[in-house]
Amino acid sequence: MGKTVTIDAKGMHYTPLNKKIRQAVADGAGEIIIDNVLGQRFIGNGLRGDATIVVNGVPGGDLCMFMSGPTCIVHGNADHAPGNTMNAGKVIIHGSAGDAVAHSMRGGTVFVRGNIGYRGGIHMKQYDDKRPILVVGGNAQSFLGEYMAGGLLIVLGMDGSEYFGRGVGSGIHGGEIVIRGDVDGSRLGVGAKKLPLTEDDRQRIAPVIREFAGAFDLDPAELLNAEFTRIVPASARPFAGKYTWE
Amino acid sequence: MSLGSTPLRYRISIDRERCMECERCIENCSYGVFRREGEKIMIDSRKCTACHRCLAMCPRDAIMLEEYPCDYRSHPVWTRQAREAIYNQAKTGKIILSGMGNALDYPIIFDRLVLDACQVTNPSIDPLREPMEVRTYLGKKPSRIEVKKKENGDVELVTELVPNLQAETPIMIGHMSYGAISLNAQLSMARAVAETGTFMGTGEGGLHERLYPYQNHMIVQIASGRFGVDIDYLERGSAIEIKIGQGAKPGIGGHLPGEKVCLDVSCTRMIPLGSDAISPAPHHDIYSIEDLAQLVRSLKEATEWKKPVFVKIAAVHNAAAIAAGIARSGADAIVLDGFKGGTGAAPRVFRDHVGIPIEAAVASVDAKLRGQGIRNEVSIIASGGIRESADVAKAIALGADAVYIGTAALVAMGCRVCGSCYRNLCPWGIATQQQNLVDRLDPDVASKQVANLINAWTLELAELMGAAGINSIESLRGNRDRLRGYMLDESLMSVLDVKQVGA
Numbered sequence: 001m002g003k004t005v006t007i008d009a010k011g012m013h014y015t016p017l018n019k020k021i022r023q024a025v026a027d028g029a030g031e032i033i034i035d036n037v038l039g040q041r042f043i044g045n046g047l048r049g050d051a052t053i054v055v056n057g058v059p060g061g062d063l064c065m066f067m068s069g070p071t072c073i074v075h076g077n078a079d080h081a082p083g084n085t086m087n088a089g090k091v092i093i094h095g096s097a098g099d100a101v102a103h104s105m106r107g108g109t110v111f112v113r114g115n116i117g118y119r120g121g122i123h124m125k126q127y128d129d130k131r132p133i134l135v136v137g138g139n140a141q142s143f144l145g146e147y148m149a150g151g152l153l154i155v156l157g158m159d160g161s162e163y164f165g166r167g168v169g170s171g172i173h174g175g176e177i178v179i180r181g182d183v184d185g186s187r188l189g190v191g192a193k194k195l196p197l198t199e200d201d202r203q204r205i206a207p208v209i210r211e212f213a214g215a216f217d218l219d220p221a222e223l224l225n226a227e228f229t230r231i232v233p234a235s236a237r238p239f240a241g242k243y244t245w246e
Numbered sequence: 001m002s003l004g005s006t007p008l009r010y011r012i013s014i015d016r017e018r019c020m021e022c023e024r025c026i027e028n029c030s031y032g033v034f035r036r037e038g039e040k041i042m043i044d045s046r047k048c049t050a051c052h053r054c055l056a057m058c059p060r061d062a063i064m065l066e067e068y069p070c071d072y073r074s075h076p077v078w079t080r081q082a083r084e085a086i087y088n089q090a091k092t093g094k095i096i097l098s099g100m101g102n103a104l105d106y107p108i109i110f111d112r113l114v115l116d117a118c119q120v121t122n123p124s125i126d127p128l129r130e131p132m133e134v135r136t137y138l139g140k141k142p143s144r145i146e147v148k149k150k151e152n153g154d155v156e157l158v159t160e161l162v163p164n165l166q167a168e169t170p171i172m173i174g175h176m177s178y179g180a181i182s183l184n185a186q187l188s189m190a191r192a193v194a195e196t197g198t199f200m201g202t203g204e205g206g207l208h209e210r211l212y213p214y215q216n217h218m219i220v221q222i223a224s225g226r227f228g229v230d231i232d233y234l235e236r237g238s239a240i241e242i243k244i245g246q247g248a249k250p251g252i253g254g255h256l257p258g259e260k261v262c263l264d265v266s267c268t269r270m271i272p273l274g275s276d277a278i279s280p281a282p283h284h285d286i287y288s289i290e291d292l293a294q295l296v297r298s299l300k301e302a303t304e305w306k307k308p309v310f311v312k313i314a315a316v317h318n319a320a321a322i323a324a325g326i327a328r329s330g331a332d333a334i335v336l337d338g339f340k341g342g343t344g345a346a347p348r349v350f351r352d353h354v355g356i357p358i359e360a361a362v363a364s365v366d367a368k369l370r371g372q373g374i375r376n377e378v379s380i381i382a383s384g385g386i387r388e389s390a391d392v393a394k395a396i397a398l399g400a401d402a403v404y405i406g407t408a409a410l411v412a413m414g415c416r417v418c419g420s421c422y423r424n425l426c427p428w429g430i431a432t433q434q435q436n437l438v439d440r441l442d443p444d445v446a447s448k449q450v451a452n453l454i455n456a457w458t459l460e461l462a463e464l465m466g467a468a469g470i471n472s473i474e475s476l477r478g479n480r481d482r483l484r485g486y487m488l489d490e491s492l493m494s495v496l497d498v499k500q501v502g503a
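First to last, the sequence lines map onto chains A and B. Heads up, the first sequence is in full-length UniProt numbering, so the first residue is 1 and it goes up one at a time. Heads up, the second sequence is in full-length UniProt numbering, so the first residue is 1 and it goes up one at a time.
Bear in mind the hints are in silico, worked out from the structure with no lab data behind them. Every residue, glycine too, gets a C-beta built ideally from N, C-alpha and C. Keep in mind that the hints are not guaranteed to be accurate.
Derived pair list, reagent style PhoX-like, types lysine-lysine, alpha-carbon separation capped at 25 Å [as the list claims (entries may be wrong)]:
hint: 1; chain 1: A; residue 1: Lys19; chain 2: B; residue 2: Lys306
hint: 2; chain 1: A; residue 1: Lys20; chain 2: B; residue 2: Lys306
hint: 3; chain 1: B; residue 1: Lys91; chain 2: A; residue 2: Lys242
hint: 4; chain 1: A; residue 1: Lys193; chain 2: B; residue 2: Lys94
hint: 5; chain 1: B; residue 1: Lys306; chain 2: A; residue 2: Lys242
Covered stretches of chain B (in silico footprint by chain A; criterion: 3 or more residues with CB under 8 Å from a CB of chain A, positions within the stretch not fixed) [what the hints assert, rightly or not]:
hint: 6; stretch: 71-78
hint: 7; stretch: 257-266
hint: 8; stretch: 296-307
hint: 9; stretch: 323-336
Counterexamples of contact, computed for chain A against chain B with all Cβ distances above 10 Å [what the hints assert, rightly or not]:
hint: 10; residue: Thr6
hint: 11; residue: Asp62
hint: 12; residue: Gly114
hint: 13; residue: Gly165
hint: 14; residue: Lys193
hint: 15; residue: Arg210
Start from the sequences and build out the full structure, keeping to the hints where you can.
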């Protein structure tokens with residue numbers, strides 16, 4: 001672990017802020033603490049390496065987009081699309097986040113302690129050993145996991161609310177969505193089907209839940225034993241039957 | 001089936017006098033039209049797509065193809081196409097997919113515009129003798145520049161310029177993805193653009209490692225499926241293009257069928273083998289013009305503001321207003337794709353009925369941006385239905401900075417526009433991933449053909465400019481005085497901002 005660098009982002013535009021972050025990574029910083037973040041977008045965009053970035057405040061949209069390796073811990077809420085098209089690394093958000101969280105994520109992990117907005121995990125994909133994971137501690141709005149092509153999306157419902165969104169997994173053709181409690185069939189989008197969570201599934205997701213609990217200092221026991229619904233693609237070719245040829 | 005079969009679209013016949021039964025037709029036809037039965041080569045014309053591979057490879061010119069050998073009762077409303085689409089949908093109940101570009105008989109505006117030439121009152125320029133500047137810079141231009149005079153008399157530029165693409169000709173090759181077309185096809189075009197000093201698009205299929213040597217001539221695309229997009233990919237491209245829409249299918253996404261997702265395509269797109277590669281209709285992080293600005297800036301931030309970012313839209317009714325929004329998003333160029341643009345597959349109803357011609361889109365976008373005083377903020381790239389150098393000259397005179405060609409580059413490699421790209425059986429090795437077919441396309445030869453086409457059109461463009469007394473592409477750009485409308489109606493001429501012939 002290299003040295004710690006602290007940056008005061010008060011009143012700073014995102015471009016100079018990102019330049020400072022890149023410079024710190026280039027100089028071998030192991031931890032970069034950014035204070036007074038208030039709406040700066042694109043923090044950690046396209047960043048490589050294995051540094052840890054601690055964001056104190058509320059970052060703006062596209063946090064860690066295209067990021068490939070580092071860890072980003074946000075003490076606050078996050079805006080639109082944290083983890084967008086992210087390749088590798090971790091984003092840990094101690095508050096809630098906006099729409100399109102983990103949009104098209106290709107690898108790595110996004111943990112959100114609170115709630116997320118619409119279209120969470122939309123079009124997440126996977127290839128080979130790259131399998132993105134999005135875990136939401138609270139609840140998620142509609143169109144969750146639409147067009148999902150791979151990866152794992154878990155909604156833990158720790159606020160005690162039932163899942164209330166609709167259009168879950170429209171066009172899903174890969175990956176899986178695991179939501180606490182029963183999800184009424186009417187909430188599923190076209191191309192999605194629900195299955196009970198088997199004991200094997202439970203064993204499979206247990207390490208992810210433990211890691212999530214560890215990240216936020218929670219007791220995982222209750223989460224590990226909760227009832228879940230598993231939502232998967234009805235087919236890997238959702239549109240194969242829609243077309244004929246000229 | 002109560003409908004029975006529809007009449008043959010094509011009839012293949014063999015002149016048995018000329019045929020020497022060498023079986024090259026059997027070897028070459030990937031659709032299975034020809035087979036040997038005993039002493040005779042038999043023909044199944046129903047399988048023919050008019051790809052001409054057999055004709056091109058027959059050493060004796062013994063094969064003949066006839067289109068629509070069987071007539072329907074002629075009727076001006078109930079055309080063959082209308083009736084056959086109904087038979088198809090009555091059988092299947094499905095959306096009809098089709099290949100290549102718009103197949104309806106719309107008038108082509110380019111063909112109703114004529115170019116100007118000098119006579120007596122001003123001299124034409126001989127491109128053989130005089131320098132003819134066709135080099136094109138794509139990207140933002142400052143509205144004014146500030147210079148400082150040094151003590152030794154030199155001037156120094158004080159204004160900071162943003163990165164531009166330097167193309168040696170305004171002719172570039174548009175985005176056709178690896179997956180839709182073969183690696184040999186991409187490789188051939190990549191070598192051609194490197195040789196001619198211009199650029200080509202990757203399409204939304206990622207960048208295969210065999211194209212890395214040509215990456216300084218590649219524009220990488222980020223579309224709604226985000227296939228193959230990571231920071232390495234973005235950094236490799238000479239520019240990044242956000243694809244919002246495509247002229248052949250405005251408003252909808254696309255999907256590469258699982259059959260075409262082979263091992264190598266799966267690796268380049270970074271999706272599982274044999275899975276459908278689905279690009280949704282919208283980018284799900286772009287639901288507004290503000291979100292577009294966010295993606296443009298996000299891409300710039302990720303690549304440290306070293307790459308121009310283009311935004312491609314389909315030419316639609318309000319293209320001018322949309323383009324004005326894009327110009328303010330921080331984008332460096334707007335690509336307008338007209339409704340004649342090609343595709344590997346699009347719903348027929350979209351291909352034929354949605355969108356507007358590129359000529360009108362370019363003219364109205366150019367006029368709108370000039371009217372708002374922001375034309376210098378973005379370059380305009382015209383695509384969709386550019387068939388010859390005259391179209392290039394006319395598109396530039398209507399306000400484009402450069403053009404993308406697509407189908408024309410494929411035709412230079414052998415494509416016969418048979419429109420069966422989606423079958424994965426392209427006998428020319430272009431729109432297929434079957435290795436035995438892909439191997440038919442030799443990149444050493446095909447790259448030369450594509451480079452020849454770009455060079456030939458560039459020469460013709462220089463000749464056209466010289467004849468008009470113009471020695472720099474900048475002087476042709478938006479120069480509508482060098483165009484006249486022939487048999488165009490007054491309202492369209494007012495959109496194009498051209499006068500009619502004789503005026």
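Okay, the hints, checked on the actual structure:
no. : hint                : verdict
1   : Lys19/A - Lys306/B  : 13 Å, holds
2   : Lys20/A - Lys306/B  : 17 Å, holds
3   : Lys91/B - Lys242/A  : 13 Å, holds
4   : Lys193/A - Lys94/B  : 23 Å, holds
5   : Lys306/B - Lys242/A : 42 Å, violated
6   : 71-78               : violated (count 0)
7   : 257-266             : holds (count 3)
8   : 296-307             : holds (count 7)
9   : 323-336             : violated (count 0)
10  : Thr6                : 22 Å, holds
11  : Asp62               : 5 Å, violated
12  : Gly114              : 20 Å, holds
13  : Gly165              : 15 Å, holds
14  : Lys193              : 17 Å, holds
15  : Arg210              : 27 Å, holds
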